[in-house]
Amino acid sequence: MECDRKHKFVANLYFHNLKNILYIDFKENTKFLLDVRKKN
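The numbering used here applies: residue -12 is where the sequence shown begins, and numbers increase by one.
Note that these hints are calculated values from the structure, not bench results. Treat the hints with care, since some could be wrong.
Straight line, CA to CA, 30 Å or less: simulated DSSO-like cross-link-like pairs of lysine-lysine [to be verified]:
hint, residue 1, residue 2
1, K(-5), K26
2, K18, K6
3, K(-5), K25
4, K6, K(-5)
5, K6, K(-7)
6, K26, K14
7, K25, K14
Work out the full structure, taking the sequences as your base and the hints as a guide.
Next up, the structure:
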């Protein structure tokens, strides 16, 4: 039972990190696209 709880915790942590990474990438890409538009 304890092992299962630990596994769930690790999975949640991983998912949370994944969301943060995707969000940061999204913000960076949006900024990049806006910069490209300004130049043209």
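Evaluated hints:
{"no.": "1", "hint": "K(-5) / K26", "in the structure": "violated (47 Å)"}
{"no.": "2", "hint": "K18 / K6", "in the structure": "holds (18 Å)"}
{"no.": "3", "hint": "K(-5) / K25", "in the structure": "violated (45 Å)"}
{"no.": "4", "hint": "K6 / K(-5)", "in the structure": "holds (16 Å)"}
{"no.": "5", "hint": "K6 / K(-7)", "in the structure": "holds (20 Å)"}
{"no.": "6", "hint": "K26 / K14", "in the structure": "holds (19 Å)"}
{"no.": "7", "hint": "K25 / K14", "in the structure": "holds (17 Å)"}
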